[in-house]
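Chains as they are written, first to last, in the working numbering: chain A, 1 to 357; chain B, 1001 to 1364; chain C, 2001 to 2364; chain D, 3001 to 3586.
Please keep in mind that the hints were generated in silico from the structure rather than gathered at the bench. Quick caveat, the model's predicted, so the values are computed rather than measured. For every residue, glycine included, the Cβ atom is placed at its ideal position computed from N, Cα and C. Any given hint might turn out to be false.
20 Å max Cα-Cα, derived SDA-like pairs, lysine to any residue [unchecked claim]:
| no. | chain 1 | residue 1 | chain 2 | residue 2 |
| --- | --- | --- | --- | --- |
| 1 | A | K257 | D | T3351 |
| 2 | D | K3414 | B | R1112 |
| 3 | B | K1019 | C | Q2138 |
| 4 | C | K2108 | D | T3351 |
Per the computed footprint, the stretches of chain D lying under chain A, defined by three or more beta-carbons under 8 Å from a beta-carbon of chain A, are [stated by the list, open to error]:
| no. | region |
| --- | --- |
| 5 | 3062-3073 |
| 6 | 3251-3257 |
| 7 | 3352-3364 |
| 8 | 3440-3446 |
| 9 | 3484-3492 |
| 10 | 3530-3544 |
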Amino acid sequence: GGSGQSPASEAARNEVLPMPAQIDTSNGLVIDGEKIADKQLLEEAKKDKVVLYSGSGKESEDLTIARFKAETGIDIELTRMPTNKLSERVLSEHGANQLGAGVVRVTDPLVAEQFAERGVYVPYKPPSYDELKKGDNVVFNDGQYLTAYYSAYAFGYNSAAVQGEDVPKKWADLLDPKWKGKLGVVHAGAGGTVTALAAFQLDAFGEDYVSKLGAQQPRIFDTTSVQLEALARGEITVATLGFNSTYGAEVAGAPLKLVVPEDGISGSFNLMGLTPAGEKSAAAKVFINWTMSQAGQKFAAAQGFVPARPGLEPTPTGEYQLPPADSEQFHLFTPEDAAQRSASTIQSWNQAFHFTG
Amino acid sequence: MQVTITNLSLAYGGFAAVKGLDLTIGDGESIVLLGQSGCGKTSTMRCIAGLEEPTGGRISIGDTVVFDHETGRSVPSFRRNVGMVFQSYAVWPHKTVVENVMFPLRMKKVRRTAAREKAMEVLTLVGLDHLAERGASQLSGGQMQRVALARSMAMEPSVLLLDEPLSNLDARLREDLRVELRHIQQERGLTSMYVTHDQQEALALADRIAIMQGGRITQLGTPEEVYASPASASIAKFMGVTNVFAVGEASGNEVHLADHALSLRTAVAAPDGAASVAVRPEDVVVRTEGSDGFAGTVEVCVYQGSSVRYQVALDGGPTVDAVCPAGPGALARGERASVEIAPESLLVLPDEVTDTPAQDEVAA
Amino acid sequence: MQVTITNLSLAYGGFAAVKGLDLTIGDGESIVLLGQSGCGKTSTMRCIAGLEEPTGGRISIGDTVVFDHETGRSVPSFRRNVGMVFQSYAVWPHKTVVENVMFPLRMKKVRRTAAREKAMEVLTLVGLDHLAERGASQLSGGQMQRVALARSMAMEPSVLLLDEPLSNLDARLREDLRVELRHIQQERGLTSMYVTHDQQEALALADRIAIMQGGRITQLGTPEEVYASPASASIAKFMGVTNVFAVGEASGNEVHLADHALSLRTAVAAPDGAASVAVRPEDVVVRTEGSDGFAGTVEVCVYQGSSVRYQVALDGGPTVDAVCPAGPGALARGERASVEIAPESLLVLPDEVTDTPAQDEVAA
Amino acid sequence: MTTVQTRPAAPQEAPLPAPSGRRRRRRPKGLGSLPLLFVVSFLILVPAGFVLLAAFSVDIPRPGSINFDLTLQHLAVFIEPGVLRATVNSLIIGVSATLLALLIGGFLAFATARTNIPMRGFVFLIGLMPLFLPSYVGALAWSQLGSPVAGLLNIGMRDLGIDFTVNIYSMFGVVLVMGMFYAPYAFLLMHSSMSLMNPDLEDAAGVHGGSTWQMLRSVTFPLAMPAILGSALLVFTHIFENFPVSQVLATPGQIDTLPTFIYRLMNASPSRGNEAAVMAVVLVIVVLLVTLGQRRILARRSYTTVSGKGLKARRISLGRWRWPLFAIALVYLLLAIVLPLAALILTAVRTSPYMQSFSDLAVPGAIDFGSFGRVLQSDLFLDSAGNSVIVAVVSAAAGTLLAFLVGYTVYRTKAKARGALEGVSMVPLAIPAIVLGMGLLWTWLVMPVPLYGTLAVLMIAFVAVQMPQGLRGIASSIQSTERDLEDNAVLHGARRSRAVLSITVPLMRVGIASTFLMLLMLSMRELTVPLFLYTSDTHILSITIFDQFENGGALQQAAAMSVIYCLIMFVLSYLPRRLGSGGMNP
Ligand SMILES: Nc1ncnc2c1ncn2[C@@H]1O[C@H](COP(=O)(O)OP(=O)(O)OP(=O)(O)O)[C@@H](O)[C@H]1O
Ligand SMILES: Nc1ncnc2c1ncn2[C@@H]1O[C@H](COP(=O)(O)OP(=O)(O)OP(=O)(O)O)[C@@H](O)[C@H]1O
Ligand SMILES: [Mg+2]
Ligand SMILES: [Mg+2]
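All chains should be built: construct the whole structure from the sequences, respecting the hints.
As structure tokens, then:
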């Protein structure tokens, strides 16, 4: 398994973000002056490998693990599947004492909470723990699980079909009659990120905005990937989009451009934690350490995520610059929101878009 | 090997095809099963071969009980060493002719070359050696039937069941094979059961004939016995006696027909329960008018090679069938004739036999 | 409808099954095709029915050319209105008995109820009315054959081809159906072609008999003609004349056998090319020793109901088959006998006929 | 071979004396079917049992938290708004696409098995080929071809100045794509059944006045009824449950279907697995009823065509229809294979997915074949391809064997368990893969055997999931061959097992090869079930490709991979195709 010599490894080394200037392994692992692992942990980790279960996008995970390998020299193995299936598997494997993963990463706060309740996650404090604690919504249950980074959700357009003046800049621009029938959205019930978006739109612009958006007769999709594909081909010209995956597609050559609207973008969580198996795995610990290190967080930012660790210098994502997590522009759908408002949000969205299901 | 069948019953779904059949075939004996279409002959054979699960009764071959409904014992077919030529041939369409015939030999672990040689011998016997390598589907009907026969002959079973094995062959081939079969059967002391609708074949092959009616055996005896004294009017009819008349009243040596104002003289006094009189067409003598006997008119006259078949409508009586030697004095249709029936050739019979023949008649 | 077949050939792959066959069946005529197993009877029928594509020749039914190799014309079988009873029955297993029989009627657009009524009538005729609703695969062999027959009878075709339609039926049923078939055929003026291996059947049903050998017709004539004067020794053998002897030398009315020091007297002078003499077993008279004729010993004696079949080995001569009336004076095995053959019953024949019978013999 | 004891037609209602307990014990009959029933039940009923439990328990019964707090509240899912409309849509799609698939499959099967259509081997391949394309790939390819704005077909027509728009995002589009991509099931099943046809039976229809069409209608197709009903059942349930096509083609056209509905249930947060299980249980009941009905219909009649009176292979001459019919097959080839593959290849080589006109392709740098090379060099791809082939071959072989044993027991013996055996074997058909995948996951996690996380567990799961397909494939051929042929071998001294091997199996060669082929392709394509069971060591191709498509950004790569995937399937299908072609001759 693993990604071996996949094209991802090339991209991870240079294209996305240049490799850190200093990687010092003389006494443990120190990257750009930040200590990631002490000598003993590093030695053990080199003999070990990280087993990562993840519910986030395959391509970004491929890039991440390739970068991790390059920076730390530690082997890592990925099993990826959609969050709901992942959750089913993790809970079942855990229940049967057969959970193989050392680190599990999910995109849904409720799922993470459930993992924590069931003991899938065990408390672990990476070296940067004190830094992390300074931020809101980064450390949960005293380190039982962490926010690795946030996914940003905004909108984008097909750059071959839309140019110059026509390019939408603000959310309100989506209501322009010229987009009627040319918009794409993923329905709000399809997952945490899209529910978050719906909640953001309701909060920031009110129900009225959402019903007007619905009246634009957008094409409604079940999954982001199908929508992205339709956008790339020009089937639709403007769509609400996940930042990271769209950026990936853009880098891969799709005629897409993203917009970072000033009146706000929606954010959702990317959470991870160490499992009981990970407790015994040095490599798993190094992976968490690295992910939450400056180097790891920068790399995430360069991929199109919003870093969770507070107090970092802004890192651009190609030509775009996402707002930091603590800015006004960034609207998070917190776990409490998710628990309390998901159902009602989806319901209002469905009504506005005349969507059943 | 002696085959003993006791009180055998078989039902398909709700339909009883065999109903309490008793039969013993002596070691090395050849029994011919005669019976109407659909009376249960094939079914009986399939039971002996172990292809159907009887709903009652007991079958033993030699000293082994191969089926017993009471104890639930049932020996699988391949251990019974019973050969069978299927009425439907059951030639394997995906094998060549010689492969079909070799199969039973290969199952007996005969080496390939030896099996082939033996198979070719049997094929020569049935006149198919030149088609040995042909696919078994690319044959004419008669040729396929011969493959089926050859296959069972090659097997050398201890009991051989033949279900109309020659029905699609021409008369000469049939005669040759009939002789060949009888030869092999007698030489090897093969116990065999043979179904045929050809009386010639039955008479030539049978040590004894079993008459089957409605799922049971109603008469069992040597060919002469069965031919000379059928046990019932229906058996008589079946044995080719076309002149069977219902009896109204019988007094001494005189019987009155039920439907016609005619009485006939018999050699012996009519027994109680006598219901019919029968006379074989060969025993009816037809002469030109004026001789003794009943007067009548020739209605049908069919040339049959060495003989002529007449139907003569007796004046005020029934129509009588007669087979007379062909010769110069033949009568034409419409001619008047006189018909004579000798009292000794008249059979006085019950309509049906209800009980099976006594088992002490059975040869060892 | 008259059926005219000209120079018909058919090959399966490389194997020629029919080779330049010529035959005309007159309107309303019934032809019986007699021939050895595998000689091409079924193939010929299939060509007429349009089920095989002949490799040469021409077939017309009535005024229509249904097949012509020259012009490539070929009328599909369902337009030929030719009925056929298959040797393999070809009863549809997924239909009930009555559905099978109704099929041709339904194809003729007869209303369902009317078709059913008619089908039941035909089923009654063949004695299967009580099984009308049974699945056609749940029948005995003979019952299936009757379904096949009923199906073709219900169709009322203009030409009816019957491929051993009665081979699996018991003698009585066969006789009844034979009579019935003849009746229908004559009444409706049905042109028909009938394959059978049963001589009785052939004689009873045929207006003319066609003898088929190796893919062509070698003799064509009324039953009496064919029986009385077979065109060749092989035909004679086929017609049940078991006593056929090769001729060594012929001088005037005397022929010398090739393999035996025996000469026989004939009624007419032996023609050129005469190769065999034949005598029917019925024409051989066997008496106790001392009478006129050749002396010999009875080797086999088989009781055949109304007759006895002997094989008598003539002293220093061949073994002769004889069929004599059964009676009190029968001879036992091993007894000495004297055998007499009348000169008029001796047939002097070529071994084979190579050319087909002249077509002017053909009835219109 | 288990020691299956065979007896023909059961005299069940016969006036038997009530069998005493002792007697029954002495009977060897049907004993062989018990281990078989055990194996099949174990493979299928345990996972299904979990699904059943999930349907009626308060919590999802996963390992570690299995309890029996039962409730009926999940049934409320049926009154949720939208269920009715989704169900009606699914039914409409299911019925019409099934008819289309049967029509296509039946036509091609008949043409290749029974007529002299030109290039029969090639036409056979045409019938088979859509199997090489997983339905989600086919749907995606068709969305690229036929989407109203940017579909390649529409672009092409615009280029040519034709004013006509194909809209694949419609009921028609969904039915067309589903019908086309499920036709191979019908094709394979009917092909094996029709190549066992006895031409005498057809000829009899001809001489008795039936035209070719009437012959087909009243003899040929009715005799293939076990295959037709069997494939109808398979195709219908598959279409009814198919998610990817609905997702790609129906959702954009705002057509709701039951599978997308179930998908949303599963995808909701928190996941509503119990409710999905309830729907699955209802589907199971429906499918079992349909299976029972089918059994009833078929039981009353006989469909044996291969008999011991010979089998003369004869092909119907199509005459002047030869080439027109061939052209119809080509149209299908074009729609189901050529166009989608062309679209995929175009996607794989095009540097930009956006295209206004075909002239865009002439721009330098617009085309780059590099993606194929990159795919072929990727370890991940090579590993998963290797795993996929191993898993597919083993599970197809095991699945065929098991299906044969079950089919034989059900249709040739009087074993008491045969009704149960058939019913159990059909269960996986009814449970949507996503739910069944969960059941399998739970099962193999709690099993005290260290199989979880190995390729073996994938194989076992595939065997279980594909049991219905295997059984239907085998059943129709078994029903075509006369049992006398096998019995005869037994009479001639062969053990039953030997008779089966040397008579029944060769006679059913075409059917067995088709079944194997079908299972092989299905295993190569299977996606949802392995998603629950694969690990990073046991990556398989279908998942790798699905991941690529899910990525959105990697479309070019995904397309290249799909094309290579099709090629692998094509190569893999060679052997069974060889075995399956040809007739009944020795
Ligand atoms: N499909 C075939 N392929 C090759 N040869 C065949 C095929 N079918 C029949 N034959 C051969 O053609 C010849 C004629 O066959 P046909 O069935 O016409 O014979 P038949 O006269 O009907 O014989 P029977 O009385 O045995 O039914 C036979 O020698 C047979 O072996
Ligand atoms: N599968 C079946 N289901 C129901 N009834 C059947 C089945 N097979 C045969 N029968 C019936 O059982 C009876 C006996 O059939 P069997 O085949 O033994 O007759 P048979 O004496 O061999 O007749 P034939 O001389 O016509 O071959 C017949 O009346 C037949 O209709
Ligand atoms: Mg029978
Ligand atoms: Mg024939």
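Hints, verified against the model:
1. The hinted pair formed by K257 of chain A and T3351 of chain D meets the criterion: a straight-line CA distance of about 16 Å does not exceed 20 Å.
2. A threshold of 20 Å between alpha carbons decides the hint, and for K3414 of chain D with R1112 of chain B the separation of about 35 Å lies outside it, so the pair is violated.
3. With a CA separation close to 18 Å, the supplied pair K1019 of chain B and Q2138 of chain C stays within the 20 Å bound.
4. For the suggested pair K2108 of chain C and T3351 of chain D, the alpha carbons sit about 65 Å apart, so the restraint of at most 20 Å is broken.
5. Proximity of the region 3062-3073 of chain D to chain A, defined as three or more residues with a beta carbon under 8 Å from a beta carbon of that chain, is established by the 4 residues found.
6. Requiring three or more residues with a Cβ within less than 8 Å of a Cβ of chain A, the coverage given for the region 3251-3257 of chain D holds, as 4 such residues are present.
7. Counting residues of the region 3352-3364 of chain D whose CB falls under 8 Å from any CB of chain A gives 5; the rule of at least 3 is met.
8. Taking a C-beta to C-beta cut-off of 8 Å, the region 3440-3446 of chain D contributes 4 residues in contact with chain A, enough for the three needed, and the coverage statement holds.
9. Only residues whose beta carbon comes within less than 8 Å of a beta carbon in chain A count, and the region 3484-3492 of chain D has 0; fewer than three means the coverage is violated.
10. Counting residues of the region 3530-3544 of chain D whose beta carbon lies closer than 8 Å to any beta carbon of chain A gives 7, which meets the minimum of three for the stated coverage.
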